[in-house]
Structure formats: structure tokens, C-alpha cells
Amino acid sequence: MRNRQKFTEISLFLLPAALVIGFIYLFPLVKVIQYSFMRISGNNFKYIGFTNYVNIFNDPRFIAGLKNNFILLLSVPFILVLAIFFAVLLYERMAGWKFYRFTLFLPYILAIPVIGVVFGYIFQLNGILNFFLEKLGLSFLIHDWFGSSKYSLWTLMFVIMWKELGFSIIMIFARLLSVNQELYEAAEIDGASWLKKHIYITIPQCLNVISFLSVILIITMFAWIFNYVFTLTRGGPGTSTIVSEFYIYTTAFRDSNMGMGSAASVILFLIMLAMIIAYAKLFGKEEVD
Amino acid sequence: MKMKRNYFALAGRQIMMVLLAALSIYPVFFMVNTALKSKADYINNRFGFPQAIALQNFKEVFLGENFSRWFLNSIILTVTSVLISLIIALLAAFALSRYRFRMREGILKFVISLMMVPPVIMLIPLFIFMSRVKLTNSYTGIVLIYTGLLLPFSIYLLTTFFRSVPHSIIESASIDGCNSIRILKNILIPMSMPPIMTLIVINALWVWNELLLALIFLQKDNFKTLMTGITVFKSRYNIDVPLTMMGLFVITIPMVLIYFLAQKYFIRGLVSGSLKE
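One line per chain: the protein sequences are A and B, in this order. Counting in the numbering used here, the first sequence runs from 1 upward without gaps. Counting in the numbering used here, the second sequence runs from 1001 upward without gaps.
Simulated from the structure, these hints should not be mistaken for laboratory data. One or more hints might be untrue.
[Said to hold, decoys possible] Taking lysine-lysine pairs in the DSS-like style, the calculated list, with each CA pair at most 30 angstroms apart, reads:
1. LYS1039(B) / LYS135(A)
2. LYS31(A) / LYS1134(B)
3. LYS1059(B) / LYS31(A)
4. LYS1134(B) / LYS98(A)
5. LYS6(A) / LYS1134(B)
6. LYS1059(B) / LYS1185(B)
7. LYS31(A) / LYS1109(B)
8. LYS46(A) / LYS1134(B)
Generate coordinates for the entire structure from the input sequences, incorporating the hints supplied.
Written as C-alpha cells, this is what we have:
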């Protein structure tokens, strides 16, 4: 009797979440797999086997998109190292840290589309960056940052790093606030240098956050950069800055090829799944309690 | 000797910090600085300070196009999705922290893993479904989607926090005859203000800044949000850069305000909830 009442209560509390999650996550995940084997035009759905998969892997834009996602991964270790360094400086209450805390978190608050439009103007061929470079006598460094396929992806990576760094700093800073002070005091008494202190105390103490952030950042580089690409480059010039998400968007909604778009979504999902499983294997044990 | 080395190290750190701070603040400065110029001023003097502060851009932004409508849309979508997802997440987190049952950890792990599934993967089926039931270009459709996407992180954060509340507090309440809903409402929620504020800030920022779904599900001009609106805005006012910058600046203000109002709770919430070790 008591058990039945408990079961009813649990179900009632979980029901709304289960319904919404089922509808927004589970139903589409099943459907997208089904659609990836179909040709879809209007209300006409027809199974065509693996054709969509064959087509996307023969599409240079899809290959370029995946390749660019992997290149963007290169920024993850840089973001992490910079974030640890600057979070430590804030934590040590360096002169002016309150002001710095405000400015460093600023990129995190700004919307990516806003950042995209602003940086678009800054990096223009006749924008302020090139203007400064010329004034400083560094004309040889002047490039069409987003306009040439040689530099566009790296410029895009810079903008992504500029934005993502803020969040990583907040997270590590927040974690540092709860590190036991005595650890540092003991190390100082033992005469440990600044660098040693942080390598042997800060990094191990923050390992959970750092691993959490690396997963978040890796996923970001694969599946959360549509906004940057859409506002800054639209994938161009050529295919130099196209990424998987943008490929899915253009294929499904501009070229109205929902089948190929679904196949690309499934591939992206499989990559994500591999990463989630790897993360669960590596850190799953500590995660739950 | 040691003093001297420290001095250099300190100076070096300050320099690095100043550089990063300047880099972080410059694009914002560029936006505000340009927004305050008149069109003529911008043409003659692109990178300097404005010769006279041109506030007419501010007025013009709201007069132009459907800007006020987009602004209203963004507010409606942000407030409703954040509130609905918060209520649903509070209920779920209560079940996942205050009851013991067999699948409890499994459900939580599953919810955590959903945090990593990007919305672009669900996009096509959701679009096909929403078009069929005629929920594209409507608040209902997109609020439902946003609510769903906010849930995994919200449930995770609240569950970890609820679990850190000592059991004895709840037990004494249930002995006093409080039922579950009253325990949640009168005890757990008032105790959880820091993580709740953190959630509200993070989720509001996310919805306010969301672009991809808004682009696809809200294509009619009347339903556009500010984020999709500015892409229209930018291409239509391409020649008038100061006006575009003023538009961007206006969009940014509400989020900066929310962040400041909640900053005190925000960092504490991150510490107490998501990163409890």
C-alpha cells in the first residue's frame, strides 16, 4: 500500500519532464534515423536505402564540414590552459581583480550573433584591425581575414576562443573558491614556487571541472558553432568555414533535401554518442554521487 | 633577490591580464562607440570617438522595421520557456533526490547525457512534425522546444543541489505532517535560491541568444526574435553601420542587466550546485 503510493508520487513528479523530453529528444532521434533512409519531398516519404549516406560522403561540402570541425578542436587545449591561468590570477586577488572579473566574463554574456556582427566589422578588409596594423607599420600582416579562404577558418577560431574562454574562466574560478585554503598555505610553508603550487594543487583539485569543460568544449566545436558561422561567414569563402551543423541547415532548409540532412544529422549524432560514451567511461564513476 | 623576481612576475601577470581585459572589452567598446555616431560622423571618422553623441540612433532602432515586436517576442519566449522549464525541472529533481527507487541513478545519468545532444540533430524531425500540426510561426511550438532543451541541465543542477540538503530537515517536516508538494514549496525551494538564480540566468541567456531554432521555426516577420531580427537588420541597414550597432547594443542591455542583478547568486550557485565535489 505504502509502496504503491510512493510509486504514484514519483511518477507524477517525473511525468511532465518525461513527456517533454520524450517529445523533444527521443521522438526526433528515432525519426531522424528513419528519415535518413528516405527521400522526402513535401508529404511524400519513400525508403531509398543508404543512398543519402552515399550522397553525403560524396559531397565535398560535407567532408569539408567534418574536417573543419576537427580543426576547430585544436583550440580546446589552448582555451583550457588560458582559462586555468586567468582563473588562478583572479583567484589570487591580483590588483584590480574585481574589474578584471567583470571584463573577462563580458564575452560570456554577449550573444553570439551580436559578437558575430561586431567582429565581422572589426576584421573587414578596411576594418579597424587592418587600420591599426597599417598605422603600426605592420602592413605585411594585413589580410582579408574573413574574405580569404586561407585565413577565414583561423579567424573564426579566434572569435570562438574569444567567446568560449569567458565561460571556462568562470567555471574554474567558481571551483577554486571552494578549494581548501590550507592546501596552498602548506605548500607555501614548504617553499613551493607559484608554478609548482598550481601544477600540484590547482590542477588536481580542479580536475573534475577541467574534464567537464573539455567535454563541453569538444562538443561545442562539433555541434554549437552554427551561430558563429551563420553570422560571420555562412560557410565561405568556398567551403573554407563550413561545419557539419551549417551543412545540415543548408542541405535541409535551403536545398530542401531533408533526407540527406537527416543522414548528416545521424553521422553527427554518432560522433557525439562516441564522445558521450568515452566521457562516461572515463569519468562516469565520480559523476553520480 | 627574491623580492625582485616576485616583482617581475607580478608585473608580467598584470600585463597579461590587461591584454586579455582589453581584448575582451574592445569589441563591446567598438559597438557602443559606433552606435553613438551619426551616419556622417561614421563615414568621416570611422574609428575615433564620436564627435557628438548621436542619440537619434536609439530612437530610430525602435521606430525601424519590427524591432519593438521582435523585442517583445524575445521577452515572451525567454520568460515563458525559462519559467515552464524551471517548474518541470523542480518537480523532476524532487523525485530524483527525495525518493529512493531502482532506476533513479539510471534516469539521472540518462538526463545528464542528453545535455550533450545538440539541437541540430533533432531539427529536421521537429520541423516536419511542427509543420504538420501547424505549430511553426507560433509561440507554443518554439516554447515547447526551448523548454525541452533547457530541461536536462536544469534537472541535473537542481538534483545535485537538492541532494546536498540534509535529510533531517525534510524528515522533521514530514513528521510535522507536510506532504511532498509542501516540502518542495516551503522548504526546498526557499533553500535553493542560489542554484535557481543561476539556472534562471544561464537559461535566460541561452534562450535570448538562441538563433538556429528561431531561424527555422519563426520565419514570419511578426514572430522573429531579436537574434533572427538582427540578421535581417544587418543586411537591410548595411550602409548604416551606426544604426546596426545601436540595434546590437539595445539587444545586449537586458542580458547584461540580468547578469548583474544575479551575479551575487550566480557564482555561489555554480559552486554549490553543478560543481560540488
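Verification of the supplied hints:
Restraint check: the Cα-Cα separation between LYS1039(B) and LYS135(A) comes to about 24 angstroms, which is no more than 30 angstroms; the hinted pair holds. Restraint check for LYS31(A) and LYS1134(B): satisfied, since their Cα atoms lie roughly 18 angstroms apart, inside the 30 angstroms limit. For the hint linking LYS1059(B) to LYS31(A), the alpha-carbon distance of about 47 angstroms lies beyond 30 angstroms, and the restraint is violated. Restraint check for LYS1134(B) and LYS98(A): not satisfied, since their Cα atoms lie roughly 50 angstroms apart, outside the 30 angstroms limit.
Restraint check for LYS6(A) and LYS1134(B): not satisfied, since their Cα atoms lie roughly 39 angstroms apart, outside the 30 angstroms limit. A hinted pair counts as satisfied when its Cα atoms are at most 30 angstroms apart, and LYS1059(B) with LYS1185(B) does not qualify at roughly 44 angstroms. As the CA atoms of LYS31(A) and LYS1109(B) are separated by approximately 23 angstroms, the hinted pair is consistent with the 30 angstroms bound. Restraint check for LYS46(A) and LYS1134(B): the C-alpha separation of about 23 angstroms stays at or below 30 angstroms, so the hint holds.
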